[in-house]
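K.L.:
Read off the chains here:
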Amino acid sequence: MTYQNEGAETTGSTSSFEVNMSTRYKIDTVFKYATWAAVVVAIVVLVVLLVDVAVDGLPRLSWQFLSSMPSRKPEEAGLLSALVGTVWVMILVALICFPIGVGAGIFLEEFSKDTWFSRAIEININNLAGVPSIIYGLLGLQVFVRWLEPVTGGRSILTGAATLALLVLPIVIVATRESLRAVPDSLRQAGFALGATRWQVVREHVFPLALPGILTGTILALSRAIGETAPLITIGALTFISFLPPLDNPIEGVQSPFTVLPIQVYNWVSRPQAEFHTNAAAGIIVLMVVLLAMNATAVILRNKFQKQA
Amino acid sequence: MTSTTLIDRDRPASTSPEVIFRAENICVAYEDIPVLENITLDIYKHQITGFIGPSGCGKSTLLRCFNRLNELVRGAKTTGTVSLYDRDINSFHPVEVRRRIGMVFQRPNPFPKSVYDNIAVGLRVNGYRGDIDERVETALRQVGLWNEVKQNLKKNAWDLSGGQQQRLCIARAIALQPEAILMDEPCASLDPISSARIDELLCEMKQHYTIIIVTHNLKQAARITDRIAFFNVEAWESDDRLETLSSLTHKNVPLGYRVGRLIEYAPTVEIFTRPQHQVTLDYLSPGTHQHSSSHSRDRQY
Numbered sequence: 001m002t003y004q005n006e007g008a009e010t011t012g013s014t015s016s017f018e019v020n021m022s023t024r025y026k027i028d029t030v031f032k033y034a035t036w037a038a039v040v041v042a043i044v045v046l047v048v049l050l051v052d053v054a055v056d057g058l059p060r061l062s063w064q065f066l067s068s069m070p071s072r073k074p075e076e077a078g079l080l081s082a083l084v085g086t087v088w089v090m091i092l093v094a095l096i097c098f099p100i101g102v103g104a105g106i107f108l109e110e111f112s113k114d115t116w117f118s119r120a121i122e123i124n125i126n127n128l129a130g131v132p133s134i135i136y137g138l139l140g141l142q143v144f145v146r147w148l149e150p151v152t153g154g155r156s157i158l159t160g161a162a163t164l165a166l167l168v169l170p171i172v173i174v175a176t177r178e179s180l181r182a183v184p185d186s187l188r189q190a191g192f193a194l195g196a197t198r199w200q201v202v203r204e205h206v207f208p209l210a211l212p213g214i215l216t217g218t219i220l221a222l223s224r225a226i227g228e229t230a231p232l233i234t235i236g237a238l239t240f241i242s243f244l245p246p247l248d249n250p251i252e253g254v255q256s257p258f259t260v261l262p263i264q265v266y267n268w269v270s271r272p273q274a275e276f277h278t279n280a281a282a283g284i285i286v287l288m289v290v291l292l293a294m295n296a297t298a299v300i301l302r303n304k305f306q307k308q309a
Numbered sequence: 001m002t003s004t005t006l007i008d009r010d011r012p013a014s015t016s017p018e019v020i021f022r023a024e025n026i027c028v029a030y031e032d033i034p035v036l037e038n039i040t041l042d043i044y045k046h047q048i049t050g051f052i053g054p055s056g057c058g059k060s061t062l063l064r065c066f067n068r069l070n071e072l073v074r075g076a077k078t079t080g081t082v083s084l085y086d087r088d089i090n091s092f093h094p095v096e097v098r099r100r101i102g103m104v105f106q107r108p109n110p111f112p113k114s115v116y117d118n119i120a121v122g123l124r125v126n127g128y129r130g131d132i133d134e135r136v137e138t139a140l141r142q143v144g145l146w147n148e149v150k151q152n153l154k155k156n157a158w159d160l161s162g163g164q165q166q167r168l169c170i171a172r173a174i175a176l177q178p179e180a181i182l183m184d185e186p187c188a189s190l191d192p193i194s195s196a197r198i199d200e201l202l203c204e205m206k207q208h209y210t211i212i213i214v215t216h217n218l219k220q221a222a223r224i225t226d227r228i229a230f231f232n233v234e235a236w237e238s239d240d241r242l243e244t245l246s247s248l249t250h251k252n253v254p255l256g257y258r259v260g261r262l263i264e265y266a267p268t269v270e271i272f273t274r275p276q277h278q279v280t281l282d283y284l285s286p287g288t289h290q291h292s293s294s295h296s297r298d299r300q301y
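Protein chains in written order, with my numbering: chain E, 1 to 309; chain S, 1 to 301.
Don't read these hints as lab results, they were simulated from the structure. Computed from a predicted model, the values in this text were never measured in an experiment. Don't be surprised by glycine CBs; every beta carbon is placed ideally from N, CA and C. Warning: the hint list may mix true and false statements.
[To be verified] Some chain S residues judged to face chain E by a derived CB distance under 10 Å, without partners named: (1) Val95; (2) Arg107; (3) Gly122.
[Stated by the list, open to error] Simulated restraints, written as ranges between beta carbons of each label pair: (4) E/Ile251 / S/Ile132: 42 to 50 Å; (5) S/Glu204 / E/Ser186: 25 to 33 Å; (6) E/Ala34 / S/Asn90: 57 to 65 Å; (7) E/Asn126 / S/Arg107: 46 to 54 Å; (8) E/Leu292 / S/Asp131: 47 to 55 Å; (9) S/Arg74 / E/Tyr33: 44 to 52 Å; (10) E/Arg146 / S/Ile132: 54 to 62 Å; (11) E/Ser112 / S/Ala188: 53 to 61 Å; (12) S/Pro17 / E/Arg119: 21 to 29 Å; (13) E/Leu301 / S/Lys150: 30 to 38 Å.
Isolated chain E, as found in the complex:
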């Protein structure tokens, strides 16, 4: 690098500060372009992927594709059952992991004492966030499919949702704790000084301020859950479903077998016929639209709460 040579030239100066602005400006510029290059690499890869998928899949997208069951004939096949399965599973995952994750986060951050036990729990939760998803699949297979079969109905929507909820729970807990920690302590003290109990301080002052951050964390967690395939294959989500869970009876609904979009896509990609690969590309587009719609909903919710706070 040239700036090192330039730096050596000025060491003889009498001043104890080496001014040498041009070198510092150069480093500044180099760093700016280095970070810019990093952004470009990331964006280009993403754009290439999106364009490739769009070119393959867009022509295949049609109402017929969205409203048909899977089929042996690629031109008749659709992903209705997978789409409906994904929506069911995501709603259930949100319903399970939000209260449990946020509750655990609030307890650990606001209520628990600083003991070796709480520190051990904290370390374990952080580790859980890094456990491979297939392990959660094995856990779900044993606990939800086998032990809790009378409740979950075996390889059902409920089993899948519970497994995915476990998988993303650490993310929600960590995000909750981070956003609670960001709430200034002066507000808690103000609340306590007015004679509020811990619960009242959390409910009135801390939680409303932390909610936007908690929602952001939950969005991230759900975005991870919607793309997971491995744990669902492990618990035995089917790849060929030609019926929908009954809507009129929710209990029976959550206990019925299911498939989700990533599994359907995976299934199509592994077929030899090229037409099924086109279906897979179209399926990926649908998956991304569902994901974006979900995130958009959460962002709107978050902005709404942010305004109120």
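Given chain E, put chain S in place with the hints provided.
P.N.:
Below, chain S alone, put in the same frame as chain E:
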């Protein structure tokens, strides 16, 4: 919360001072490091008591002992007793103590809610059943904020000026009609005009409330307080001092370690005209390093 604590504040101040708080042998340590040693003093009802002294001498720490807010600080440990009307405050539920003893902090800390809600929330969490609107208005009038905010009570409190925020925090505290108000440098982050307005307010409030105020502003202390407690940071000189803290800390704190002590506690006039200790005189003597802590620290008396 019992409604018996909502006693009538409007009766006239009694002439003979009655003791409201009695602190006995208060020692406090943070993370095994002692900061305050053997503080014993009485606080009188319907008076303004000032805590003065250099930074780090434990004034704020002592103040927080009176409403048990120190308990919430991680690693804080307190020994000794504080009594409220001759009853140990540790025998109360902390929530009841804090409901009966209000607090105003050094930096204004209104909730990020409307002006109205800032006051109403304290009433609501304590199960107030009366007319909340009326109580909010009274509190805002008492701190002289009503005319400034009455058009827009829905305004977010964070959009008020610093002085207004601090007066809102005082209004929030007095809306609960506490028996005493603890103030931790309430004017530290305010301009002279807002500060003077708060001084006036405190003098008016004295008729109904007991106030303990920590301040670095000696003029303010001289102007508004009835009694002053002067604290200083001093080094340990002998081992017998360490014994008093043996219950407080596991660490072997070295000799020469600095800890906060109560030097003098007397009526304000006495403190300013006839201080009993040289360090007090040094701290109070005008013009010579009034706010410097190192000056008075290094002297021995």
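K.L.:
Look at each hint and say if it fits the structure.
P.N.:
Verification of the hints:
1. For S/Val95, the interface hint holds, since its Cβ comes within 10 Å of a Cβ in chain E; the closest pair sits about 5 Å apart.
2. Hint on S/Arg107 holds. Least Cβ distance to chain E is approximately 7 Å, under the 10 Å limit.
3. The interface hint given for S/Gly122 holds, since its Cβ lies 4 Å from the closest Cβ of chain E, which is under the 10 Å cut-off.
4. The hinted window of 42 to 50 Å between E/Ile251 and S/Ile132 holds, with their beta carbons roughly 44 Å apart.
5. Roughly 26 Å separates the CB atoms of S/Glu204 and E/Ser186, a value that falls within the hinted 25 to 33 Å.
6. Look at E/Ala34 against S/Asn90: about 60 Å separates their beta carbons, and that is inside 57 to 65 Å.
7. Between E/Asn126 and S/Arg107 the C-beta distance comes to about 33 Å, which lies outside the given range of 46 to 54 Å.
8. In this structure, E/Leu292 and S/Asp131 meet the distance hint of 47 to 55 Å, their C-beta atoms being roughly 50 Å apart.
9. The supplied range of 44 to 52 Å is met by S/Arg74 and E/Tyr33, whose beta-carbon atoms lie about 45 Å from each other.
10. Roughly 56 Å separates the CB atoms of E/Arg146 and S/Ile132, a value that falls within the hinted 54 to 62 Å.
11. Checked against the given bound of 53 to 61 Å, the beta carbons of E/Ser112 and S/Ala188, roughly 33 Å apart, lie outside it.
12. Checked against the hint of 21 to 29 Å, the C-beta distance between S/Pro17 and E/Arg119 comes to roughly 49 Å, which is inconsistent with it.
13. Here the CB-CB span from E/Leu301 to S/Lys150 is close to 34 Å, well matched to the stated 30 to 38 Å.
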